[in-house]
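Work the whole structure out from these sequences, hints included.
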Amino acid sequence: MIFWIFCLAVLAACRKDLLDTKPNKALLVPTTLSDMQALLDNIAVFNLTPGITGIADGDFYTSAAGWTAWNTDGERNSYTWAADIYGASKSTDWNIPFQQVFYANVVLEALPVITVTATNQNDFNTIKGTALFSRAFANYHLLQLFAPPYHAASAGTDPGIPLRLASDISQKSVRASVADGYAQVLSDLRAACPLLPPSNNEKSRPVVAAAYALLARTYLVMGDYARAGLYADSCLQSKNTLIDYNTLSTSAAKPFPRAIPYGNDEIIYYSSLNSYSFASSASTLADTSLYRSYAANDLRKPVFFKTSGISGTFKGNYAGIVAVFSGLATDEMYLVRAECAARQGQTAAAMADLNTLLAKRWKTGTFVPFTAFDADAALGMILTERRKELIGRNLRWTDLRRLNTEPRFAVTLTRPLNGNTYTLTPGSKRYTYPLPPDEISLGGLSQNER
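The sequence shown maps to residues -6 to 443 in my numbering.
Keep in mind that the hints are not guaranteed to be accurate.
To be verified - Straight-line distance between alpha carbons at most 27 Å, and here's what the computed BS3-like set of lysine-lysine pairs gives: (1) K165 <-> K121; (2) K356 <-> K247; (3) K165 <-> K83; (4) K353 <-> K299; (5) K247 <-> K353; (6) K353 <-> K381; (7) K308 <-> K353; (8) K356 <-> K381; (9) K422 <-> K83; (10) K356 <-> K308; (11) K381 <-> K247; (12) K247 <-> K308; (13) K381 <-> K299; (14) K356 <-> K299; (15) K308 <-> K381; (16) K247 <-> K299.
Said to hold, decoys possible - Pair by pair, the computed Cβ-Cβ distance ranges are: (17) S27 <-> T300: 47 to 53 Å; (18) S56 <-> V315: 20 to 26 Å; (19) S180 <-> N115: 19 to 25 Å; (20) G256 <-> Q114: 26 to 32 Å.
To be clear, the hints were calculated from the coordinates, so they are not data collected in a lab.
Model, not experiment: these values are computed from the prediction.
Every residue, glycine too, gets a C-beta built ideally from N, C-alpha and C.
Below, the structure written as structure tokens:
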């Protein structure tokens, strides 16, 4: 496909000085561990995640003028949950993750030629673990957009994403099942765990806690709460730091320290959202009911938002820069472990995790620990706080996809715009994005129903 040829061109352009031409494969392949590490350190490729659903998940809204001013049809169509999202345009939310998969496969295929010694064993392991993690990270995000939500009963037959396990561009892409897609993510992450280091000097490089965190997130999406809770616990055993929001400036335009190379102590693994104009627009405001739901002494409200009338524009970016954080962090893992405990009837453990998190978010001396009469009440509180804590990281869309199967938590989204009212109902096929048109016409892939 044209996309894979484009990937080869990008690969050559990024590190042409490091790579030798291999005529028999028509590929440019790294030949040393330092070459491979250089490829994996390309933040402009590996540390990006899809971002378009951040305007479709109901956490933000805009005016008619703001909607018109957005840069792409994809943004405007996502806002109204249109049947056609991209028109004739390409999708960076599709192309970039597959570029990540391609790079990861290039590295994994190059590693077997390396002679492993006592001197380079740790570097070899780290590079292999990083490539496996990166492929899993890419495929996980592709599954959240371009495959139906995971349902155990139908995952074996539901059409998922193409699983590219080799860099050979001549291999025809076919859609694997949803079950196979998630199985590949889990397999890659499990293989990465014993290879990744416990720590490093760059948050853009994964450590073992990042693999645990992504395993927890993946099992949560699959509804396997026992395993999700265990991996969240493993992650927190390795890294459990929380920022005391009393140490942050609520008046600052960027309240959080720069994540790269090693700022923001909550971040386990750094990535940022693909850039979209809605994210930086002054007319993009937080949902008013969500904005009003923060308590008076909850510092998340002034830390996360710049007040604008009855709502606020989002400034609570964990990256500490213009790019919006979308990676893995300890606050998410506390919430995953808490949710899983509640779903397994462990009320005290669930509330302990929730209160540990919230105690770092309230003004000093004002926090009164939350209490729940039973696990069901605890679950409701945890999911409410999850939405308030993780706003702006593009996690809400996946949460809606998984929670809409539970009547208690199902949400119908509505949007008034230009005299029309748009609605997205629980279980709608429009929770699965269409494949980009060029992949349908050139690659022969089947399209998602909308």
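### Query
Does K299 lie within 27 Å of K247 when you go C-alpha to C-alpha?
holds (10 Å)
#### Entry: Restraint status (C-alpha distance of K381 to K299 at most 27 Å)
holds (15 Å)
### Message
Tell me if the beta carbons of G256 and Q114 are separated by a distance inside 26 to 32 Å.
### Response
holds (30 Å)
### 27 Å Cα cutoff - pair K165, K83
OK: K165 and K83 at ~19 Å, within 27 Å.
#### Entry: K353 paired with K299 [C-alpha distance capped at 27 Å]
Holds, at roughly 20 Å.
### Task
Please work out if K353 and K381 have their alpha carbons no farther apart than 27 Å.
With Cα atoms ~14 Å apart, K353 and K381 stay inside 27 Å; holds.
### Query
Do the alpha carbons of K422 and K83 lie within 27 Å of each other, as the hint requires?
holds (21 Å)
### Task
Take the C-alpha atoms of K356 and K308, compute the straight-line distance between them, and say whether it is at most 27 Å.
holds (19 Å)
### Query
Under the criterion that the straight-line Cα-Cα distance not exceed 27 Å, is the pair K308, K381 satisfied?
Holds: K308 and K381 sit about 14 Å apart, inside 27 Å.
### Task
Starting from K308, check that the Cα of K353 is at most 27 Å away, please.
Judged against 27 Å, a Cα distance of about 19 Å means the pair holds.
### Message
Given the hint of 20 to 26 Å, is the C-beta distance from S56 to V315 inside that range or not?
### Response
holds (23 Å)
### Task
Given the hint of 19 to 25 Å, check if S180 and N115 actually sit that far apart at their C-beta atoms.
At roughly 23 Å between Cβ atoms, N115 and S180 fall inside 19 to 25 Å, so the hint holds.
Comparing the model with each numbered hint stated earlier shows that all of them hold.
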